[in-house]
Structures are given as C-alpha cells and as structure tokens.
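Peer 1: Residue numbers (the working numbering), protein chains in the order written: chain A, 1 to 194; chain B, 1 to 167.
Hint data in this document are derived by calculation from the structure and do not stem from the laboratory.
A quick note: this is a predicted structure, and the numbers were derived from the prediction, not measured.
Note that the Cβ used here is the ideal one computed from N, Cα and C, for glycine as well.
Some chain A residues judged to face chain B by a derived CB distance under 8 Å, without partners named: (1) E32; (2) A44; (3) F47; (4) I91; (5) Q93.
For lysine to any residue, the following SDA-like pairs were computed, each having C-alpha atoms within a straight-line distance of at most 25 Å: (6) K30/A - L153/B; (7) K119/A - A23/A; (8) K155/B - T31/A.
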Amino acid sequence: MHIADGIIATEVCIAADAVSLAALYAFSRKTEAEDIPRMGFFAAALFVVSLIHFPIAGTSIHLSLFGLAGIALGIRAFPVIFVALMFQSLIFQHGGLVTVGLNAINMGVGATAGWLVWKAGGIPESIRAFAAGFFAVLMAAFLMVMEFQLTGYGRGAIYLAYIYSVAAIIEGMLTLTIVAFFRRVKPDILEPRP
Amino acid sequence: MIATRFLFALTTVALFTGAMKHGIEVEFKIGNPEVVAICTYTGNGPAAGAECVLFKPGSEDEEFQRGHTDANGVFSFIPDVAGEWKMIVDDGQGHRKETSLVLTEAFFASESAIPGSGELLRSGSGGFAALPLWMKAVWGLSLIFGLAGVFYLVKASRSVGKRNYRE
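Input sequences plus hints: build the corresponding full structure.
Peer 2: Below is the structure:
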C-alpha cells in the first residue's frame with residue numbers, strides 16, 4: 001500500500017505533496033494541546049504496526065490501522081498518517097519519500113471513509129467497527145490501484161483487488177477487536193473531539 | 001496507561017513475530033561468471049515474479065538485461081565489465097528497490113570454476129541501514145514522541161499566552 005519512489009511520475013507526486021501539505025495545515029490548524037498526546041500515540045501505533053506483515057499470493061501485505069485512526073481521531077487522522085508515513089519512509093525505507101504526499105492522501109481518504117462509516121447511526125457498534133477498518137483499507141487500496149491503472153503500472157487490478165480485499169477483512173477484524181477492547185477499558189478514546 | 005500498554009504490546013508483536021521490513025531487499029551472490037540477485041520481502045519470503053531491470057556501468061539509459069525473478073526470487077546475469085551495476089526490482093504492487101553492485105577488475109581476473117559459490121553481498125547494508133530493526137523502531141518511536149512533546153509545549157504555551165492576554 002506504500003507506493004515507492006519512481007513508480008508514479010514525479011510531477012504528480014510533487015502536486016500530491018503540495019495538496020498534502022495544504023491538508024496537513026488545514027486539519028492541524030484547530031488542533032488543541034489536549035489532542036496531541038492522542039495524536040502522538042496513534043502516530044506511533046501506525047508507524048510500528050506496518051512492521052506486522054504476512055505473505056499472501058506471492059506478495060506481502062501488512063496491517064495499517066487507518067480505520068482505527070479514523071475512529072479515534074476523525075479528521076485529525078490525516079496529520080497523524082502523514083507523520084507516520086514520513087517516519088516509515090525515512091527509517092524503514094517503507095514507501096518513498098517523494099510519494100509521501102500521495103500515500104498520505106490515499107490512506108487519509110481511507111481513514112476518513114472509516115470515520116464516516118463509524119459515525120453512521122442505527123447500526124450495531126461491532127458492525128461499524130469492522131466496516132470502518134474494512135472500508136478504510138479498501139478505499140486506500142482503490143485509490144492506489146486507480147493511480148496504478150492511470151500510469152499503466154502494476155500486475156493488474158483484479159490481482160490487487162484480491163490481495164487488498166483479504167487485507168481489508170483482516171484489518172476489519174483487527175479494528176473490531178481493538179474497538180471492543182477500548183470500549184471495555186477506555187471508552188473515551190473512541191470519541192474524538194469534533 | 002492503557003494506551004501505553006497497547007502501544008507496547010503492538011511494538012512487541014511487531015518486533016517478535018518475525019516481522020521485518022516490508023519492502024524488497026536484494027542480496028547478491030557473486031560467482032564467476034554469473035552474479036545471482038536474490039530478491040526477498042525481508043523476513044517474509046521471496047519476491048517471486050518481480051521485474052528486474054539491469055543497467056551496465058555508465059549507461060543508465062540503456063538496459064543491459066530485463067527479466068523476472070523466479071519462484072525463489074532469484075534473478076541472475078553475467079556481467080562483462082567492471083564498475084557499478086545498477087538494478088531496479090519492482091514487484092508491480094508499489095514495492096520497488098533500486099540497488100547497485102560494484103564489481104572490480106579483480107572479479108573478472110579471478111578464475112573461480114564453481115558458479116554460485118562466491119561471496120554473498122547485501123545491498124544498502126552500511127550506516128543506518130545496518131542497524132537492527134528494533135533499534136530503528138525505538139529510534140522512530142522516540143522521534144515521534146519527541147515531536148509530539150514539542151508540539152504539545154508549543155500549543156500549550158500558546159493557549160496560556162492567549163489566556164493571559166485576555167485576562
């Protein structure tokens with residue numbers, strides 16, 4: 001899910017970086033001091049969770065927790081994802097540095113999708129939690145596959161759709177488990193400040 | 001406290017379930033006459049079917065060889081000149097590794113008769129890249145928490161400043 005440098009045209013990546021920086025400013029502007037420990041915690045969690053990965057169909061997929069970030073942070077998930085991606089790129093060479101903006105947009109949109117699903121009323125919490133994790137990954141993967149298709153890169157949409165559908169199911173189950181855990185021990189973490 | 005425990009558990013799982021870098025890693029096995037590139041998702045098996053593009057020293061626009069890794073993530077080539085050989089490995093899913101291998105004149109002068117019996121070299125293994133994964137993870141976590149602390153101080157001091165100004 002982390003697009004490396006050299007795959008998408010540099011001009012596109014730089015434009016995405018500019019959009020990302022604007023979004024970073026817009027979403028961080030109203031951040032209060034009391035939001036920052038929670039954001040720091042999720043940035044650390046997102047940074048480290050990508051190390052948990054497993055083989056599937058000749059490739060390797062990893063956990064991401066975008067859905068959980070969307071649930072706990074709302075629109076503030078974007079700056080957190082941006083920071084986590086930046087550190088993943090610099091420290092683990094996981095994803096490119098020029099593509100940080102593009103990756104942040106893909107995953108930030110995914111987290112927002114997760115947040116919107118989580119906010120939907122009239123549905124049991126466990127279903128919303130699973131769906132938030134599931135759709136967050138699916139949305140981010142959909143954007144990435146679209147970008148690959150537009151640039152003529154990649155092994156094909158069907159193969160990638162299969163890989164990321166499996167990843168989305170795993171992510172949904174993980175999000176459901178973590179939400180149930182937080183609901184039991186620290187329910188306030190599931191209610192981001194508007 | 002719960003959040004700290006959760007993060008600690010997550011980090012421990014990440015570091016002790018055999019998880020390592022998710023990107024592509026390349027090791028070169030130097031034989032004579034051939035060089036074998038072994039491409040893996042580190043700690044997670046071979047990068048099978050990844051596309052490899054090889055460039056001769058001094059000719060970055062002209063491909064020397066193009067092909068795919070086999071089921072074991074192996075790609076081999078026979079170099080014909082000394083210098084820095086560049087190679088791009090791309091699995092078609094967004095994972096890509098650009099690496100290089102320096103072959104000296106001594107390589108061509110040697111008369112090793114057993115193919116594939118040569119030295120094993122890991123690309124990009126110097127400096128920071130050589131640090132163990134746990135150290136990198138701790139380094140990254142420290143930076144993130146440090147950065148969060150700095151932002152917290154800045155934001156908190158601003159809100160105190162605003163409050164004082166109003167009063």
